[in-house]
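Same order as they appear, the protein sequences are chains A, B, C, D and E. Basically the numbering used here = 1-based index in the first sequence + 550. Basically the numbering used here = 1-based index in the second sequence + 550. Basically the numbering used here = 1-based index in the third sequence + 550. Basically the numbering used here = 1-based index in the fourth sequence + 550. Basically the numbering used here = 1-based index in the fifth sequence + 550.
For the record, the hints were derived by calculation from the structure and aren't laboratory data. Heads up, the beta-carbon is just placed ideally off N, CA and C, and yes, glycines get one too. Treat the hints with caution; some may be incorrect.
[Unchecked claim] Below, computed lysine-lysine pairings styled on DSS-like, alpha-carbon distance capped at 25 Å: (1) A/K871 to A/K818; (2) B/K871 to D/K871; (3) D/K871 to E/K872; (4) C/K872 to E/K818; (5) E/K759 to C/K759; (6) E/K818 to D/K818; (7) E/K871 to C/K871; (8) A/K759 to B/K759; (9) B/K818 to D/K872.
[Unchecked claim] Per label pair, the in silico range of CB-to-CB distance: (10) A/G865 to D/V795: 53 to 63 Å; (11) D/P770 to A/M551: 57 to 67 Å; (12) A/E644 to C/E649: 27 to 37 Å; (13) A/E644 to C/H620: 23 to 33 Å; (14) B/S873 to A/G865: 17 to 27 Å.
[Stated by the list, open to error] Some chain E residues flagged as far from chain D (calculated, every beta-carbon gap over 12 Å): (15) D607; (16) D646; (17) E715; (18) R729; (19) R747; (20) L856; (21) V860; (22) A864.
Each chain, letter by letter, is given below.
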Amino acid sequence: MIVDNALYHRGKRVPLGDGDDQSLGSARVPCDPGDFQWIGIHDPSPDELDRIARTFDLHPLAVEDAGDSHQRPKLERYGDTLFLVLKTLWYVDEEDAVETGEINMFVGHDFVVTVRHGQGIDLGASRRDLEHRAKVLEHGPMAVLYAICDRVVDEYERVGEALEEDVDEVEESVFSPARTDDSSRIYVLKREIAEVRRAVMPLREPMRKFAMGVDERITPETATYFRDVADHLQRVSEVIDNLDVLLSTAFDAHLARISVQQNEDMRKISAGAALVVVPTLIAGIYGMNFDHMPELHWAFGYPFALLLMVGVSAGLFAWFKKSGWL
Amino acid sequence: MIVDNALYHRGKRVPLGDGDDQSLGSARVPCDPGDFQWIGIHDPSPDELDRIARTFDLHPLAVEDAGDSHQRPKLERYGDTLFLVLKTLWYVDEEDAVETGEINMFVGHDFVVTVRHGQGIDLGASRRDLEHRAKVLEHGPMAVLYAICDRVVDEYERVGEALEEDVDEVEESVFSPARTDDSSRIYVLKREIAEVRRAVMPLREPMRKFAMGVDERITPETATYFRDVADHLQRVSEVIDNLDVLLSTAFDAHLARISVQQNEDMRKISAGAALVVVPTLIAGIYGMNFDHMPELHWAFGYPFALLLMVGVSAGLFAWFKKSGWL
Amino acid sequence: MIVDNALYHRGKRVPLGDGDDQSLGSARVPCDPGDFQWIGIHDPSPDELDRIARTFDLHPLAVEDAGDSHQRPKLERYGDTLFLVLKTLWYVDEEDAVETGEINMFVGHDFVVTVRHGQGIDLGASRRDLEHRAKVLEHGPMAVLYAICDRVVDEYERVGEALEEDVDEVEESVFSPARTDDSSRIYVLKREIAEVRRAVMPLREPMRKFAMGVDERITPETATYFRDVADHLQRVSEVIDNLDVLLSTAFDAHLARISVQQNEDMRKISAGAALVVVPTLIAGIYGMNFDHMPELHWAFGYPFALLLMVGVSAGLFAWFKKSGWL
Amino acid sequence: MIVDNALYHRGKRVPLGDGDDQSLGSARVPCDPGDFQWIGIHDPSPDELDRIARTFDLHPLAVEDAGDSHQRPKLERYGDTLFLVLKTLWYVDEEDAVETGEINMFVGHDFVVTVRHGQGIDLGASRRDLEHRAKVLEHGPMAVLYAICDRVVDEYERVGEALEEDVDEVEESVFSPARTDDSSRIYVLKREIAEVRRAVMPLREPMRKFAMGVDERITPETATYFRDVADHLQRVSEVIDNLDVLLSTAFDAHLARISVQQNEDMRKISAGAALVVVPTLIAGIYGMNFDHMPELHWAFGYPFALLLMVGVSAGLFAWFKKSGWL
Amino acid sequence: MIVDNALYHRGKRVPLGDGDDQSLGSARVPCDPGDFQWIGIHDPSPDELDRIARTFDLHPLAVEDAGDSHQRPKLERYGDTLFLVLKTLWYVDEEDAVETGEINMFVGHDFVVTVRHGQGIDLGASRRDLEHRAKVLEHGPMAVLYAICDRVVDEYERVGEALEEDVDEVEESVFSPARTDDSSRIYVLKREIAEVRRAVMPLREPMRKFAMGVDERITPETATYFRDVADHLQRVSEVIDNLDVLLSTAFDAHLARISVQQNEDMRKISAGAALVVVPTLIAGIYGMNFDHMPELHWAFGYPFALLLMVGVSAGLFAWFKKSGWL
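Chain A on its own, in the form it takes in the complex (with noise of 0.2 Å):
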């Protein structure tokens, strides 16, 4: 579905029509030099594709690429034009889960095209916020690249806090006296981490490239830019990292702690019988049918046995509760 097209002439939008149009970016604009046209498309049937495809002449590859929701992040050029994807990660509270989409864009030298496959980076919401900036939007189609970008790296950044909080629950858990079954929880946040690692750590490079000025369209001044947004990309990256490393350290200890667990059950059933077989003892004695055993005689030779049994047994708690077996 084409969700936006625009004109842009010196940073001023300049409207090419409503989204019910199905004839949208099926022509190019003609523009003056520095003016450029931004088409923003959500899950486009492959006719749409297509027809935008013709009209900006892009290489088939890419909109085959295009077309399909699971690529890895990736930069290339064909001819003059740009084809970057990128992987949209956000963060749903109440699943505790991170979620991904996917936008891939066509940066030529006079237009840009969108092309946001699910959910996630509100792009409509980028475009409103960028034409409030007229002074950015005049420095062309890099300008919106860059807003984009920067767009997908905050939210990554959200994902990792995020991220980081699970990881402090699940800590808190494992060391937590509760009996946890944590290595569900564990396995969950490390394939997260994954889905997070698969969307950061590829786009490392073309944002290192950007901020390189490998194109001869990026400024120093814009190159300034995509530096940034490449550090923040190095940052996300390495808190990914660290808590990978952190959740393994913890999924160790708690396989530790249900070690101990298990020995400390050991012992309480051990002294637990312990109180119950003593006794049996005592019983099985004064069972034995001796003729001479003096205390079955006894007026209060009953209560003699029984008193023994608790006696041994209260006995035996005692030295197991200091002993902390117990």
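Since the structure of chain A is already known, use the hints to place chains B, C, D and E on it.
This is chains B, C, D and E only, laid out in the frame that chain A set:
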């Protein structure tokens, strides 16, 4: 066995005898500039290979490699002839197993020789596909090389997806409450992933070389297509690496699960034992032979003792239930 | 809060108002060539930062970073101004914990702005130290940069030594015969080591750059001093890496210890049980109701039975002691 | 011991005395351009090495290395003479063990000196092979170098295959239901793999150098052959790495198996115990001394009690069987 | 303490006062071109270092390092003077421990200053050795540098061999049937290996630099000798890495062994328990109070019951023996 043999003149097929013709491949067909001959062989006998080697003047070391089906993927250049070894992979659903085959390709200026070992990719189908796209075939032998690499790597991606499903199943099994011995399943999957990795990893370098146009026959346009193959390879290799890490984490979780179950079993057993041992103590007490044991002479002494046993056991049962031991 | 502000003329301090003066830093002091102004700020308000940014013409991206206390160490250059982010670390003995703060420095040709977040290194003390060494201060802003880096890295080394002591303690605890749950201690230490690593590792590159004289303001002599700082950083990072590996090994040993203790406990328990169960069998035997059991009619049958029980238990006890089960 | 010594003139052998001649190697044979002398020594005495070193003007450091059989594979150049150290490996079936030897080669413009330590590769056979291929020998000393490297690396591949079989056996043993202590077998295999790695890895660099024609005596044609050797080495090293990873995974699976078996045993034992303990309780009940216990006076009270015991045990047995505990 | 001080003129020693002379080293001895002075110091006081630093114009940062005995190996150049820090290692048989010391060397055009901390390498012996080889000493200060590096690295190799023996012992202990707690032994060895690694690894870079003739005072001939030292270092580092990996594998095997033994013990204990519990049941049965129990009235009822108990136990014993539980 020589499977097919044809001359391609301006992208059109010119048949050169049928598959039964034993003389096939024993003579080089003179071609116009831009034409090329494509011979396909399957599990060749040393004789066949020898004949073809003499016809196309192939290097003996490459021919030796082509006759052996346990090569690693590689690209080598002998004079003007490129020699590429590819591992083919496919997933057999019935056995949940990855199988491997091998394709060796000799690519000269005016010929392609494909040598296939084992089952897998249907090169005949690839050839028929290509023959319908005369425009592609016009690019000559490098187009054939690209088409086969593209086909093989597409199959890798399918294998990757199948393995992802297998890993999802293992994951579910590990975290299901049922007692499952997942370690052998994980082992088999790890072994298959290693197999895939051995096919995928060494192929990245040759594809990268083609993408950078290392051979003078690779036009910038062709290089773009090889870049696409290289990108898919990269994707497969990331999927595979990710699965490997997930499996390791799942295995660790499996270990933790076993320990937790061991602990639960031990506690259940102990609780069960208590339900028998405590009544035994009571029975032992009333089996004692003291002269003065008032309960023994009660009319309802016996039912009282039985009730006492049942009552104590019921109490213990309730207590164990509440504290999670049963 | 602006903490201090002074002009350094030929290595001598020329005060520029006191700390309460809210106009501090709002004007640039004209200096002779070679002179420079040094403003120290602590946990600045956005306003203060803004004022100073305007005064010294600092880049907005760097100012944004300087206002945030969760940066990673890095060196960036905006025009003529270097921007260095340092993590400060210090060890709090009472809590056996490593705490972190942050210093941001802007170093221009004739000014230094230091922005400190959190506690830690006392920059005022560093400044006073430097003011006593006019010869050093004559080297200008780079001398201030060096002095602070040197101070921060010295503190890293102290933290490294404190962690070495902590690891020694953990090691002792792991291998002591006492039952200690070392896994949480090891986890905390690993977490702190990761913290230190995140401060130390990214700083190596900037220091290496200074040591190689990447900036035209760095004389070969100054570079030698930065090389010394880089060497100390290297040393800290090796100490830290080594501690991390030692902790992992100690954790593994801890796991092995738990298993061994579990085994010892199980054997002790079993031996203990045997001392009760065997006499119970004897009691059971003499509790049988056969008509003809000669022992039952012996005058000393009962003491004999008791002695038999004690004797058998004593024999078992001796045997278990000898074979190491008790 | 000097094993063989010959002059090769246009690829033809010209014998230089027999093996008993103690003066062998003490004189350099004048040769036509293109001719070369090849001396083979086995476990040389210091004297022999010394004599040969003087004759061929070998560098003392290389001679020192050649006299010692604990070198690591390496290629060095002393003036015009190449010095190559190779580890030889072979698999001894009877002991399922990998054994190692060493070959040192000095290759000058008109001589080859091969020094062999230990058993293993039969250099005499290699020499006789080569002598039948005069065309190869005509290429001079580099052909000898190639022939020996090729032979040694072929043997590596055989060792790799033997180890693959061993790993398959271990794998089968780990996953067999039998209780096997596979950890020592895995340890020994890991140790052997490390041994192989230490022979293979350092040799890759010299072979790569030869393949790139680093020496002026290596023609492009010869380089092709060394590239083949380098490729085989690469294959062996991948096989070895793969086996190492598989063994680690198999070991982990072995650990999981032990835990699972421990659990199964514990459950079997507990079920078995229940079959004894519950009848004991019943016996205890009918051993009580109450005045009024109607069953005691039944004619068939005793058989009833026995049947009750058997019945309860049978019920438990069936229940345990059904729930998988027995 | 200044240990020795001499001038070397054409490779011959010219003594410069004896060791008690407190003025030693306070004056630079004028030398002919090619001559050099060598001062050896041991655990110097700050004063001594200071005096020597002034005499030979040593850089204050290097002098500071030389006074501290906790440096990491490194090579630095201050003007014309090389500053090399070496860790010395030696193995103390009595304690099965690796000890460390440190040598700092200042190498100028006409002087060598060696500063030794701790015990270890006897530099006096090295000096006397060298003094007997005037030809070597003629090469000047670089010859002294080489001689000491060679000596230190030889000692590393001896340490490596001693550690190999220790690892062999651990291995034997792990796989012996005896119950040994090898984890602490493995821990200590790992710690020592880390120590050795910290001495060996950072030294490789300086030796490589010398081997490539990075300094104009290194002739190609001298470089060959440093290449030999670098090669030995490489060998030591491979030995050390290999031992580390072996120890990790041995530790894993140790863990597996503990689990297996735990299982064996549990089975032994259970079998032992069965031998007592089953006769107890029999005794319980004949302790029941039924009116009609024919066995009770048999003349040989009691011996029959005892025989039954023994018989059942013997049967169980045989069965457990057969099935490997006892």
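Going through the hints against the structure:
| no. | hint | in the structure |
| --- | --- | --- |
| 1 | A/K871 to A/K818 | 10 Å, holds |
| 2 | B/K871 to D/K871 | 24 Å, holds |
| 3 | D/K871 to E/K872 | 23 Å, holds |
| 4 | C/K872 to E/K818 | 17 Å, holds |
| 5 | E/K759 to C/K759 | 21 Å, holds |
| 6 | E/K818 to D/K818 | 13 Å, holds |
| 7 | E/K871 to C/K871 | 24 Å, holds |
| 8 | A/K759 to B/K759 | 21 Å, holds |
| 9 | B/K818 to D/K872 | 17 Å, holds |
| 10 | A/G865 to D/V795: 53 to 63 Å | 57 Å, holds |
| 11 | D/P770 to A/M551: 57 to 67 Å | 60 Å, holds |
| 12 | A/E644 to C/E649: 27 to 37 Å | 35 Å, holds |
| 13 | A/E644 to C/H620: 23 to 33 Å | 26 Å, holds |
| 14 | B/S873 to A/G865: 17 to 27 Å | 25 Å, holds |
| 15 | D607 | 35 Å, holds |
| 16 | D646 | 22 Å, holds |
| 17 | E715 | 14 Å, holds |
| 18 | R729 | 15 Å, holds |
| 19 | R747 | 17 Å, holds |
| 20 | L856 | 17 Å, holds |
| 21 | V860 | 17 Å, holds |
| 22 | A864 | 17 Å, holds |
Consistency with the previously given hints is maintained throughout, with no hint failing.
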